[in-house]
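Colleague: In order, the protein sequences belong to chains A and B.
To convert, note that position 71 of the first sequence is 71 in the working numbering; the numbers rise steadily by one, no gaps.
If you want the working numbering, it's the 1-based position in the second sequence plus 1000.
Since the hints were derived computationally from the structure, they do not count as laboratory data.
Incorrect hints may appear among the rest.
[What the hints assert, rightly or not] Heads up, simulated DSS-like pairs for lysine-lysine below, C-alpha to C-alpha not over 30 Å straight-line:
| # | chain 1 | residue 1 | chain 2 | residue 2 |
| --- | --- | --- | --- | --- |
| 1 | B | Lys1485 | A | Lys107 |
| 2 | B | Lys1582 | B | Lys1564 |
| 3 | A | Lys106 | B | Lys1712 |
[Unchecked claim] Beyond 12 Å from chain A on every Cβ pair, some chain B residues (computed):
| # | residue |
| --- | --- |
| 4 | Thr1063 |
| 5 | Ala1283 |
| 6 | Leu1311 |
| 7 | Gly1638 |
| 8 | Ile1720 |
Quick reminder that beta carbons are idealized off the backbone N, C-alpha and C, glycines included.
Listed below are the residues making up each chain.
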Amino acid sequence: MAIEVLLIEDDSTLAELLGSALSEAGFAVRTAADGAEGLRVFTERPSEVVVTDILMPRMEGYETIIELKAMNPGVRILAISGGGVTGRGEDILRHASMFGAHAVMKKPISLEDFVSKVRDLAARDACIG
Amino acid sequence: MLVRTKISFLTVCILAALGALSLFAARWFVLGIFDRLERESAAGQALRAAALIRTSAEGLASTLGDWALWDDSYAFAGGERPGYPAENLQVETLVNLDVNLVAFIGPDASRVYAKAVDLTGGVEEPVPRDVVELLRGGTCDLSDPGRASGLVVIAGLPWLVAVSPVLPTGGNGTPRGLMAMARRIDDRFVGTLSGILGLPVSVTPEEEPPVLEPEPRAFPERALPRPESGEPAWTAAEILDRRTIAGYARVEGYAGFPGVRIRILEPRTIRSVGIRSYVYFAAALGLLISAAAISQLVLFQRLVVERIVRLGRDLDLLDTRDDPGIRMTVAGNDELSRFASALNAALDKLAAARSRLEQARRGEALADLAGGMAHEFNNILAIILGALESAGTRGRTEEERVRLLGTARTAALRGRDIVDQVLLHARTARTERRPADLPRVLDEALEQVAVLAKPGIEFRRRYAPMPPVPVNKGLVTMLVFNVVKNALDAIGAGPGTVSVSLDPEEVGPGTGEGNRPPPGRYARLSLEDSGRGMDPQELAHAFDPFFTTKSPGRGLGLGLAVVKGVMRQHDGHIDVSSEPGKGSRFRFYFPLGTPGGGLPPEPEGARSRDTPPPSGRLLLVGTDPALALAERGLGMLGYAVHRAEDEAAASDRLNRGVDDIDLVIADEGIGGVGLEALARAARGSGRLRFLVCAAPGSGASPGSGVHAVLAKPVPIRSLIAAVEEALSTP
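Bound conformation, chain A alone:
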């Protein structure tokens, strides 16, 4: 059975691009446009891997990561961000890992790197968290 990935990204073009890359790589992909929707989707049925953007409307990535970890400590999370707004791209991703993201990537990202990162995460032993 295909490993399921929940992709939370507010930019629909990027979400489509990343989603199709993951599908092509053999993952089952569900998408959500912001953190709140992502949590709802995740509550319906947990995914093994969650890819989440940080800067999003309604609910941002930090909150999403904290809540996801609280719901399911075993979920593996990849945080992606272009930095921006506060101008501290490194800090944004560093904080994401402190909140529980297993891997972080900085936009713009190459699809190849992205898919291999997701593949790494999916291969990790879920028990390690």
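Following the hints, position chain B against chain A.
Modeller: This is chain B only, laid out in the frame that chain A set:
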């Protein structure tokens, strides 16, 4: 002179004058009363003596009455009992009766019997003829046979005399002449009087009845016991010396005879009571006035002076510590506190204006940056668009398409690098300047840019010894990066040199050599290249954001516009000289030291990429559920996070001081009063920072204790940024 001294001096003067006036008035008033009492008392004692003399005369008349209305006396007066005197008028009897003289006078005044005794010696003495003559001389008119008594002065001696008609027992019949008794007012009598009054008394006969005139110092009549009929008409008092006062009274003589003047001497005890009272009063008054003066001064000190001093201290603080958050702290609700509030309001406005100015300055730097970036990006987008369009044209071979897409990808990657660089600068683009080891900063920057240098390019460095220079390391790195990158581009492929030198320079006044910085001490950074140089036209536009001398695709990075922004941030100065074919020379003047004095040196590694784990003790106040998530999130980052439901709990925690809270974050849900109390606590502590989470448009605003207001809903990301910002603010 200090206000305090002036007021103290004036207060003491006014109170002393008031005190002296009061003492004078009291002296006049209090001592006056006691003076009057004293005089009244002395005169009263004299009157009592007079009354005693009168009573003695009446007593004499009464004794005489018993004898004159007695059958034996009647018989003797009628010549019937010759043995009467021997039986009844013995010396002892007269002594017992306390009379000096007894006399019988016949109806025709022809026959007189008289006997006199000396009461002191208890022996018979010669009858004083003048007294008997007086009694015979018609004084006792038998045609008006009434009893009479009174005081007479005869031959300079005062006597009490009494006369009565002689009648049988029962009083009915024809009088057989007069019977008289007399008592001399002698030393013994006066001694008795003195004994009764307890005061020395003297009795002085008058030669003639005086003409009675009220003495100037006589007392109002109402103050004296009214003399009964025939009694003394005047009394007076006279102060003899500090210890004694004399009281006078007059006893009128009988039937127009001269009378006597009585004088008593009284010790002035009332006066001494008065003086004591006055001294007590003066002491009490003195104490009262001193207390009034002291309390007045203390009140003035506390209500005015201390608060003005405090205002002054706050203002001094404002002057010495360039902290826009400092406010006047004068409590209460009076003119001073209103003055302080007005001052605070003005300071708020000033701080707001300053913040706007700061933002405007940052905005200018940002505009420079944005201009450079826009220019770069447009170039990159032009490349990408062109390549994509070209690749999409029909008839392209696969090989051509791959090449064109490769070009687009390269341009996109360059765009990513630019964004990275901008973000790096944004990260470090804080305006704080701290004394730094400038050569080291330069070396680090050169190291970064040197990787872009092509082979054959030589870097020459020369740094003169230099004290720490107040700079922003990030901005200086950016400046060096951009200028050197330009230099490398200008040199191009050929061999060339980039010279970096650092020297101290003192610019004196009037060194009017064209483009020179204002007078002062500077660290002069000189960057020279052996590149192609710029013509005057290019030089004039070198710092414009959109201006470039290079062909598309070989951009300036962020350009000289950014360099200009950096120097503006440093209050520095740029001097450029360039000639086509001879290279360019940039000189950057960084002011050495600031009027404010020494800046704290930057902690080693504080601005490095490896930000140390956050440390700070936070207190979240309120019941908003978002705070629970914030508590978890901030806790995960390593902050010590505490919670309090409301302001009371928070204040309690702050006052206990055990947690040593650095930052309070309160939700507006705790109410305006609570927010104000926490803001006050933050203002008071000087160290404690205070953030408020409020819905947009709630009216909450930074200033006066509130470090910043975060618009709800507050994402954790914004909260973290705000916390870091607040904690890093000195």
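Colleague: Tell me, which hint numbers fail for this structure?
Modeller: 7, 8
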